[in-house]
Amino acid sequence: MDSSYAYSKDVAHLENAYLINIKSNPTGVKEQIMEHGAVGTMYSNYSNGMTFGDGYNAYFDTSNTITSYGDGSHAVMIVGWDDNFSKDKFLRGEKPSSNGAWLIRNSWGTDFDYFWMSYETKSLADTAWAMDFTTADNYDNNYQLDGGISISQNPTNSTVVANVYDVAHRNDAVSETLKAVSISSMHVAGVNYSIDIYTDLMDDKPSSGTLQAEAHTEGTTTYAGIYTIPLKNEVNLTPGSKFAVVVKTDKAAIDYEQAVKIATGSNLETVIWDCNVSRNNGKSFYGNNYGNFWSWPHGNYCIKAFTTNNVYTTYNITYKLDGGENNASNPTICGGNDAAITLQAPTKDGCKFDGWYLDSAYTTPITEIPAHASQEYTLYAKWSSALGDSVYGRTLNLDGNIAFNMYMDLPSDLAENKDVYMEFTFPDKSTSRMTVAEARRNGGHYVFSFKVAAKEMTVDVKARMHAGNTYGKEYTVSVQKYAEYILTHPNDYSTLVVSLIKSMLNYGTAAQQLFDYQTDKPANEIMSENDRAVADHKNDFKNYEYSLSKSNIDSGIKWYGSSLILESDTCVRDYFQVDSSHINEYTFEGIIGNNNNSIKLTPVEKTINGTVYYYVEVPDIKAQNLDQSIKVVVKRKGQLSNDIELQYNAFSYAYVISQDTATYQKTIDVTNAMYEYWKNAKAYVDNNNQSNA
Numbered sequence: 001m002d003s004s005y006a007y008s009k010d011v012a013h014l015e016n017a018y019l020i021n022i023k024s025n026p027t028g029v030k031e032q033i034m035e036h037g038a039v040g041t042m043y044s045n046y047s048n049g050m051t052f053g054d055g056y057n058a059y060f061d062t063s064n065t066i067t068s069y070g071d072g073s074h075a076v077m078i079v080g081w082d083d084n085f086s087k088d089k090f091l092r093g094e095k096p097s098s099n100g101a102w103l104i105r106n107s108w109g110t111d112f113d114y115f116w117m118s119y120e121t122k123s124l125a126d127t128a129w130a131m132d133f134t135t136a137d138n139y140d141n142n143y144q145l146d147g148g149i150s151i152s153q154n155p156t157n158s159t160v161v162a163n164v165y166d167v168a169h170r171n172d173a174v175s176e177t178l179k180a181v182s183i184s185s186m187h188v189a190g191v192n193y194s195i196d197i198y199t200d201l202m203d204d205k206p207s208s209g210t211l212q213a214e215a216h217t218e219g220t221t222t223y224a225g226i227y228t229i230p231l232k233n234e235v236n237l238t239p240g241s242k243f244a245v246v247v248k249t250d251k252a253a254i255d256y257e258q259a260v261k262i263a264t265g266s267n268l269e270t271v272i273w274d275c276n277v278s279r280n281n282g283k284s285f286y287g288n289n290y291g292n293f294w295s296w297p298h299g300n301y302c303i304k305a306f307t308t309n310n311v312y313t314t315y316n317i318t319y320k321l322d323g324g325e326n327n328a329s330n331p332t333i334c335g336g337n338d339a340a341i342t343l344q345a346p347t348k349d350g351c352k353f354d355g356w357y358l359d360s361a362y363t364t365p366i367t368e369i370p371a372h373a374s375q376e377y378t379l380y381a382k383w384s385s386a387l388g389d390s391v392y393g394r395t396l397n398l399d400g401n402i403a404f405n406m407y408m409d410l411p412s413d414l415a416e417n418k419d420v421y422m423e424f425t426f427p428d429k430s431t432s433r434m435t436v437a438e439a440r441r442n443g444g445h446y447v448f449s450f451k452v453a454a455k456e457m458t459v460d461v462k463a464r465m466h467a468g469n470t471y472g473k474e475y476t477v478s479v480q481k482y483a484e485y486i487l488t489h490p491n492d493y494s495t496l497v498v499s500l501i502k503s504m505l506n507y508g509t510a511a512q513q514l515f516d517y518q519t520d521k522p523a524n525e526i527m528s529e530n531d532r533a534v535a536d537h538k539n540d541f542k543n544y545e546y547s548l549s550k551s552n553i554d555s556g557i558k559w560y561g562s563s564l565i566l567e568s569d570t571c572v573r574d575y576f577q578v579d580s581s582h583i584n585e586y587t588f589e590g591i592i593g594n595n596n597n598s599i600k601l602t603p604v605e606k607t608i609n610g611t612v613y614y615y616v617e618v619p620d621i622k623a624q625n626l627d628q629s630i631k632v633v634v635k636r637k638g639q640l641s642n643d644i645e646l647q648y649n650a651f652s653y654a655y656v657i658s659q660d661t662a663t664y665q666k667t668i669d670v671t672n673a674m675y676e677y678w679k680n681a682k683a684y685v686d687n688n689n690q691s692n693a
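Take the sequence shown: its position 321, counted from the start at 1, is 321 in full-length UniProt numbering, and no numbers get skipped.
Heads up, some of the hints might be wrong.
Below, a list of computed lysine-lysine pairs in the DSS-like style, where the Cα atoms sit at most 27 angstroms apart [to be verified]:
id	residue 1	residue 2
1	122	30
2	251	232
3	462	622
4	521	481
5	622	521
6	481	558
7	631	606
8	600	637
9	521	320
Just so you know, the hints here were simulated from the structure itself, not pulled from any lab data.
With the sequences and hints as input, model every part of the structure.
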């Protein structure tokens, strides 16, 4: 036979066995059939008791009475029942007095594989049994004193019993964990029990050790049988020590075994059953409720203790370096270390290492991994800038430009150095910088700012202080991430701010779509579906038609058209056709808003489809001013009258494209989103102006 079938080669093991009296508790038998699918039992087969009916077999006898679960000549399984099975279907000999039969699963092949057995069959044993099995991977060790071939198994006459065990030395285990205890009460049902564990016994007496009070476990058995009982709390066991399992019951119930071993040879030196057995070995005890115990000489109590091995398990160490480089001496696993592991410092460009921490908030420092570590670790490197600068805070600029502000605390040597600056690096490697002298002061902080285009709200921008050839810690920021903070803390901000942020993110998303820029990461993805909806404002744009007047149509210059530029700052470009040799003969002036602020506009040459044009640009139109009047005046130098006078605002372009059915939908979407951004920006700025008035 294959060795995998040997006693010590288990793949499953018995957890519980239930013995139910068929005659006095048929309901319990039926419940176990429903739960387990079948129960086992015994009967003595008499050939004259079997009826071979039309489509059924039935059995009933009156010849013998079996009174214990161990008697009977034939084992079968009960797999069902029928309380209405007719007594008239039993045709051999006497008939039962009442209807009702068990459905029996037999082992005699297809002719007699199933048959019905009357409830009143005399040879049917009093006992049915059901069993719970589980896979063999939940425990490593079984401490027992009753593992032999039993001559007899009887209930004790004591209500306090105990077994003492020696914790084994195992090559791969540093300790063991006691998880569960098994008790056998094969003759008594409905037993109230309690289990206590004593560890590190001073002698062989069960109570000579330390009571593990947290492991105290109580319960009640339902049927007679064997029960595996998980402890309320597990107990650690040290190799080489002794421990005791003490079981108290409300009635004498726990079984003890009088066992033998089987061996061959002239001196019985070859053991066939591979578990040694003992009697009167001073390991089983009976006692009383006053803590007294006496050795039980007649056998060993059927109490088992199930443990798992605590082995040197390796655990991962994960390092969160925030862009730094780890020290090669820092290990990536622990658990098998006999000594503590001192953690070494990593390095990071422009930074000073401030220690390892167990959390990303840097509240719990750690300098070493303890010996025999029994958990995984995630370690966070804390950095500060090599220049001594630090971030005090971050804000978004909501005054009409999309800008990010870094509030920095600077040591005096940096603050007083006019050559110190903060550099901002975008994903495309383009940079902008702001010197200390240019930075705005806010209290004791220096505010360094950078602008982003609408399409760039999701980009990660790297910010770093520079002092000559020395630089500090690199910080990563984005408009979207800070906007997300605002949206997730709505109680900290006014509804005007929250509405403005939402419309700004929708505007950014529309710009991303228009310019096909990072469309896989839309700015408004952090918002709900309802908040991402943008209305159609075609009717609103009717209020913003442009007007064009000419005082000298033959002056040599002609307006070609205008466009709204959104790829960087929001601005309007006006294109003109004029002979390049005459461009310097004209002046271009922008008159902005109700205050008629005048700005000089410089023409820039641009070739479109082979034709040379010149454009002037009205730059940096803030969100709240998108509806502001813009007048562009072109005149020949030395003349009083205007050659061209063009009046519009940023939404005039939106009006033109909204009237053109051929307009690209993404362009319409961006102007609709821009309109809602303007409304909320204007409301926010107007409210601030009123508050500051």
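Quick rundown of the hints versus the structure:
no., hint, in the structure
1, 122 <-> 30, "holds, 19 angstroms"
2, 251 <-> 232, "holds, 22 angstroms"
3, 462 <-> 622, "holds, 25 angstroms"
4, 521 <-> 481, "holds, 12 angstroms"
5, 622 <-> 521, "holds, 25 angstroms"
6, 481 <-> 558, "violated, 46 angstroms"
7, 631 <-> 606, "holds, 22 angstroms"
8, 600 <-> 637, "holds, 14 angstroms"
9, 521 <-> 320, "holds, 25 angstroms"
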